[in-house]
Every structure is written in C-alpha cells, then in structure tokens.
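Asker: So the chains spell out like this:
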Amino acid sequence: MATTTTATEAMSEKKSNRDLVQAKLAKRHRSETTFRAVGLGAILIGIALVFVLFGSILYKGVPAFWQATLHLEINFDPEVIDIDPRPVQQPGQSAAEHLDNVNAWIRGLRRARFDRLVQSAIAAEIPAAGDPSETRNVYGLVNANARYELAALVEADPSIIGTTVPVALVANENVDTWLKGNIDRDLPQRMQQLSPEQQEWADALYDRGVIEMNFASSIFTNVDSRSSGATAGLLGAMVGSVMMMLIVMTVAVPVGVMAAIYLEEFAPKNRLTDLIEVNINNLAAVPSIVFGLLGAAVFINFLGLPLSAPLVGGLVLSLMTLPTVIIASRAALRAVPPSIRQAALGIGASPTQAMFHHTLPLAVPGMLTGAIIGVAQALGETAPLLLIGMNAFVASVPSTPLDQASALPVQIYLWQGNENRNFFESRTAAAILVLLGVMITLNALAILMRHRFERRW
Amino acid sequence: MAAVDTAVEAPKTKNPHAHNRFATIRRPDPVARETKIEAKDVSVIYGTKEAVHGVSIDIPAQAVTAFIGPSGCGKSTFLRCFNRMNDTIPGCRVLGQLNMDGEDLNDHALDVVLLRARVGMVFQKPNPFPKSIYENIVYGPRIHGLASKKADLDEIVERSLARAGLWNEVKDRLHEPGTGLSGGQQQRLCIARAIAVSPEVILMDEPCSALDPIATGTVEELIHELKQNYTIIIVTHSMSQAQRVSDRTAYFHLGDLVEEGPTKTIFEDPQEPRTKDYISGVFG
Numbered sequence: 010m011a012t013t014t015t016a017t018e019a020m021s022e023k024k025s026n027r028d029l030v031q032a033k034l035a036k037r038h039r040s041e042t043t044f045r046a047v048g049l050g051a052i053l054i055g056i057a058l059v060f061v062l063f064g065s066i067l068y069k070g071v072p073a074f075w076q077a078t079l080h081l082e083i084n085f086d087p088e089v090i091d092i093d094p095r096p097v098q099q100p101g102q103s104a105a106e107h108l109d110n111v112n113a114w115i116r117g118l119r120r121a122r123f124d125r126l127v128q129s130a131i132a133a134e135i136p137a138a139g140d141p142s143e144t145r146n147v148y149g150l151v152n153a154n155a156r157y158e159l160a161a162l163v164e165a166d167p168s169i170i171g172t173t174v175p176v177a178l179v180a181n182e183n184v185d186t187w188l189k190g191n192i193d194r195d196l197p198q199r200m201q202q203l204s205p206e207q208q209e210w211a212d213a214l215y216d217r218g219v220i221e222m223n224f225a226s227s228i229f230t231n232v233d234s235r236s237s238g239a240t241a242g243l244l245g246a247m248v249g250s251v252m253m254m255l256i257v258m259t260v261a262v263p264v265g266v267m268a269a270i271y272l273e274e275f276a277p278k279n280r281l282t283d284l285i286e287v288n289i290n291n292l293a294a295v296p297s298i299v300f301g302l303l304g305a306a307v308f309i310n311f312l313g314l315p316l317s318a319p320l321v322g323g324l325v326l327s328l329m330t331l332p333t334v335i336i337a338s339r340a341a342l343r344a345v346p347p348s349i350r351q352a353a354l355g356i357g358a359s360p361t362q363a364m365f366h367h368t369l370p371l372a373v374p375g376m377l378t379g380a381i382i383g384v385a386q387a388l389g390e391t392a393p394l395l396l397i398g399m400n401a402f403v404a405s406v407p408s409t410p411l412d413q414a415s416a417l418p419v420q421i422y423l424w425q426g427n428e429n430r431n432f433f434e435s436r437t438a439a440a441i442l443v444l445l446g447v448m449i450t451l452n453a454l455a456i457l458m459r460h461r462f463e464r465r466w
Numbered sequence: 173m174a175a176v177d178t179a180v181e182a183p184k185t186k187n188p189h190a191h192n193r194f195a196t197i198r199r200p201d202p203v204a205r206e207t208k209i210e211a212k213d214v215s216v217i218y219g220t221k222e223a224v225h226g227v228s229i230d231i232p233a234q235a236v237t238a239f240i241g242p243s244g245c246g247k248s249t250f251l252r253c254f255n256r257m258n259d260t261i262p263g264c265r266v267l268g269q270l271n272m273d274g275e276d277l278n279d280h281a282l283d284v285v286l287l288r289a290r291v292g293m294v295f296q297k298p299n300p301f302p303k304s305i306y307e308n309i310v311y312g313p314r315i316h317g318l319a320s321k322k323a324d325l326d327e328i329v330e331r332s333l334a335r336a337g338l339w340n341e342v343k344d345r346l347h348e349p350g351t352g353l354s355g356g357q358q359q360r361l362c363i364a365r366a367i368a369v370s371p372e373v374i375l376m377d378e379p380c381s382a383l384d385p386i387a388t389g390t391v392e393e394l395i396h397e398l399k400q401n402y403t404i405i406i407v408t409h410s411m412s413q414a415q416r417v418s419d420r421t422a423y424f425h426l427g428d429l430v431e432e433g434p435t436k437t438i439f440e441d442p443q444e445p446r447t448k449d450y451i452s453g454v455f456g
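Here the protein sequences line up with chains A and B, keeping their order. Residue numbering for the first sequence follows our numbering, starting at 10 and increasing by one per position. Residue numbering for the second sequence follows our numbering, starting at 173 and increasing by one per position.
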C-alpha cells in the first residue's frame, strides 16, 4: 500500500496522467486517420478497377450487339434461278424416293447463282458494282451464309421466283469492322481486309442507308460458325451451359445439402468425420483443372461417356461445386441458434423432426446463397471443360445432354483466339456480357427465392 | 480411464462413480409427499470429467423442487438428466437410475421422444420457434398426434395459453410471430408450449434469468399455479426465488448434493456449513 502511494506521488511530481495521455493523443489520432485513409484508398482502388473492367467490356461489347445489315430489294430472277418446280410425291412413289427427289431439288437450288441476285440488288444502288467481273467482290459485302439464307427463302416459298422481295442480309464481318472503324483506314492496302472497291461501296451503301446498324439477333439465335463469322452466335454454347447448370443443380445441390445436414446434425464426432471434414475443405481449394482431369479419366475413359457432352461437363462441374455447397450449407446450419434445436427436442421432436421442421427452414436462405454461389462459379468455369473436350468447335445446338456442345466461357475462350481479331474482339466482349447477364439473372433469382423463404417466418 | 471402462461394463445400479464424497444431509419433511421421480446414484460424465457425483434425491409429485447452488455445481446438468437432454451433448454419459413411476428414465431402451412428451422443459433464455404464437403451441400436440382437428388444436391453444396466463394478452394476435412478444411473454409462451402436450413433469432451467423483476413475478405466480397439476423442478440462481416458489430445495456444490429438504428448513436452519455460507451470501 505504502509503495503504491509513493509511486503515484512521484508520478504526479513529474507529469499527471492527463499529460501522459495528452502526449500520446496526437500520435493515436494520426494513426487512426492514416488507417482510415488507407482503408478508403483500398476501396477506391477496388471500385476504380471494377469500373475499368466493366467499362472496357461494355465499351467493346455493347457495339457488337448492333451489326451492319444490308437491306436489299432482291429480285428472284427466274433466269438466274433456273430450277424446276419443287417435286411432288407421285402416285406409286415411295416416301424415301420422294425425299431423295426433294433433297436433289434443294441441292440444285443451292447451286443457283444467288450471288448474282445480291450483285444486281446492290448494282441498283451503285451501278459500278454491276459489272459481271465484280460478282465475287460485290458478294464479299454480305456474309458468307447469305446464299443459303436466300435459298431457304425460295425453298420455303418457291412462288417468290420472279418477284422482288425486300431482304435484310447481315454484312460480311469485315464490312462491319470497316464501318465501325475497328480497323485503321490508313493502313496500306495489302494489310486491309476489304478490297478498295469494297471499301468504297461499303461507305456508299452506308451513306445511302442501305446498310444499317441493326440488332444482332444472330448472337442469340445462331450457333458458332467458322465460315461466316458475321452470323456466328452463342445459341449452342448457351444451351450447353444451361444443360450443365441444370445438371449441377440436380446433382451438386441435393447431394451437398444432404451431406451437410448429415455431417452437421447427425454424424458422430470422431476421427473419420474429422478426416472427411478436412478433405471437404481441401477439395474446395483444389484447382478446377484437376477436376477436369478426373472427369476425363473417370467419366470418359472409364465410364465411356462421350467427349464434349454437357452431361460429362455437368458432372465434372458438380464435383467441383460440391465442396462449396457443403461448406456453405454447414455454415448456414451452424448459424441457426442451438436454442431452437433444443426447444424442438425438449418438446419431444425426434432429431429428424427438429431438423426438418425447425433448423432446415431457418438455414434455407443461407443454403440457397451457397448453392447459387457454387452454380455461378460453375457457370464461369472453363479449365475443367477444356480437358473433357468441350473446347471443340461445335456448330449445332445440343438436343440432349449427350450431344456435343460448347459452353459460354469456353465459347469466349474460342472467340478470343479467333484469327479475325478485329471482328471477334467485340464479339468476345459481347459474349462476356451475355455470360454476365446469365449470372446476374441467376443471382437475382436467388435473391428473390431468399426473400420468399424468409417471408414465411 | 480404467475406472471409466469398468463403469461401462458394470450394471447401472452398481455405479462405481457413486462415491458419495459427502453424505447428503436429508431434512425431514413435515408434510408427507408422494414421490414422482426417484434419482439413485446419478453421475454425469463429460468425456473424462465427472460433473455430477452420485446424486440421490426424491422429487415429490405436484410440488416445486428447487435446485440451488453456485455456478458450475452441476444443477443444470443434473436437471437435464430428467428428460435426457444430456443425450444431445457429444461425449456426455449419465450413470445411475432415475425412476419415474417405477420406470427407469436412464434406460437406453427408453424412447426419448415419449419421455420428452411426458417431461417438458423450459429453458434459460426464452426460445419460441420463429413461427406464429399459434404454431408454437400446436407444434408439440401435432407431432405427438394428440390432436389433428382444427377445433381440438384451437382448444389446446386456448387452454395452454390460459394456463400460462397469456391468453388475454395474445388472443387477438395468435397468428403473429411469437418472437415479437416481450421477454416475459415469450417465456410464458414457452411454458404454454411445454404444457400443451400435457406433460407430467416440467423442468425449468433458470427460467427467469433473462427477465426483468416484473416479468419474473408473473412467471413465479404461474409456477405457483402450475404445481397444482404438474411436478415442477426449477434450477435457480436466485435464493429469494427458491424461497418464494419452491416446496423443497436441494443445494448442490461442485457436483455433490450437499443438503436437501423442505425449503423453509433449508433456509431457516441450514446444517451444512457450505449451505449456510451460500444462502447467507458468503460465496456464490
């Protein structure tokens, strides 16, 4: 007691407590301000980076949704399309024979010189383009599939032969690039993609309003194409991705939730469950490409499932998503106050009843969030899909999960590497926007469902 | 460790943990009471640590028995033996016998779901389900199949809430969430939920520790009324509460039952020095 008093007295002789605190105060405030400034700076840098990222994607991608389109008055000249009437099934003719005849007729139709029709339609605007030696050059203004589009019109309604019909044809990808200024117009001619005449005609048609920038519906309605970049679309990849997401939702979510419920609520706490828990956490950190190797080895080599199939992709992504779903679901279950569980048990509910009547409903919103994060992760995953052959060029829409298909992120990867950089750079950005759109829709759905489940309480 | 192993093999009646470290002082009751539950040498072991040492006590029917004692004395642990809530704690084992109407509650062949329908529990913190008041009450009767028709359930809700003294306060908002009530009302809702399944015994684990004095008073009055129909065991930290509500008091100290008897006797004339110190506030 005595020593304490002397110590206090000695201190008060030198400096009072107030002075001691005061002396340090400025430094403490300074470090506080510094810390806040650093934190704020970190957030600002983060926001700036997000703006740069989204800004560049939007800047590149949004114009790609509007594409140069030629609005031409096509005269289906019977002299150019010199073809017999569509064959009709004769009495006594078998269905197979008839089909053969129709197919031969269609093949003949497709051989017709539709490029000449396009040329004469353009020549109506620019007489110089009408020279017969320029056909190839003029046809180069429209996309390479234009002849098939025109053939399809005739096939659908042969009576249009001899009439003039307004037709919208998507311009060649290089015309689109030229008109949007995505290529330097001052480059020497040997480095240009369009011939000098094509450049001149494209500008002239654009000035006259024959070429307009229209919404590029082909992005959503067409599959990928190598021959006609201008009409290459995402439909196949979108359907592939949707199929895989459905597989992930039906495999990873129920399995993950049930595993989480069992591990969290019913499993005995022993060395085995500890081991399982550690391994689930480790699996969540395994690089996704390893899951691709596993999928290739197990699903393709061992089980003999087809390459590039959404089924295999979906299963691989399910394996990858499973740890995320389990961890999130367990966290959601753990967040339910134990008092609720005790209340239910105390009134005589069996452990399963306590689980399904009380704990699970309270954990559902958290579980949903985890599931959606997992599914969104799977949606954006590319690496494992490359290893099971989903980077193949697939120009068809899969009708079953066993058909060959692509996926949105893989399609982005493929377009990113396309040799026609000037055109596909913006197409890639557009595909990224579609992917982000799908993801935002998924998340919005999750939030909606969360609210629905939360409102019930 | 060896002692634990033998405990598993030995029959429960010969509990090697029943090392009655101190002979429990039992004070005679002037009133003859019918015994509802008879605990014989009950020990509770968490892993390797023994929390309750061979406690023997008779719980009288239609009366309030209070367990008092300093924190960590094992009174709540002992209480949870009566409805086997200790089963939910991993690594927790209960040895000894608990006979309710001649049936051993600690028999592992006994169905705990049935037991908990007969022995209800009210917890320390009010824990209504995050559902409507109505749903809170009917949950028990519904899962036990006591009633399924709307009219029967309505009647159970009204009767339970009325017994818990809550009917007049909530009858117009039965379908509002139970979590929207005040703390005291929530605890009475929990009591109503427990009596909705018409249990024989109600266990209360410090039911008023989260309540203000006014709410505490209401709950205590309720306990007083409930003992006409139910056997009640209450764990409390408040000695004045034990005196107000209980007929018999048991004093626990470090896992031992030190002294038990009629509440009046225990408080007015404690014999064991530790009981004396605790109730006079020397420690606790």
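Just so you know, these hints were derived from the structure itself, not from any lab. Certain hints may be false.
[Unchecked claim] Covered stretches of chain A (in silico footprint by chain B; criterion: 3 or more residues with CB under 8 Å from a CB of chain B, positions within the stretch not fixed):
no.	stretch
1	352-359
2	363-373
[To be verified] Going by beta-carbon spacing under 10 Å, a handful of chain B positions derived as facing chain A:
no.	residue
3	198
4	292
5	303
6	312
7	323
8	339
9	342
10	346
11	437
We treat Cβ as the ideally placed atom computed from N, Cα and C, and that holds for glycine.
Asker: Does each hint hold? Answer for all of them.
Answerer: Hint check:
no., hint, in the structure
1, 352-359, "holds (count 8)"
2, 363-373, "holds (count 3)"
3, 198, "30 Å, violated"
4, 292, "7 Å, holds"
5, 303, "7 Å, holds"
6, 312, "4 Å, holds"
7, 323, "22 Å, violated"
8, 339, "20 Å, violated"
9, 342, "18 Å, violated"
10, 346, "16 Å, violated"
11, 437, "32 Å, violated"
Hints 3, 7, 8, 9, 10 and 11, counting from the list given before, are not met by this structure.
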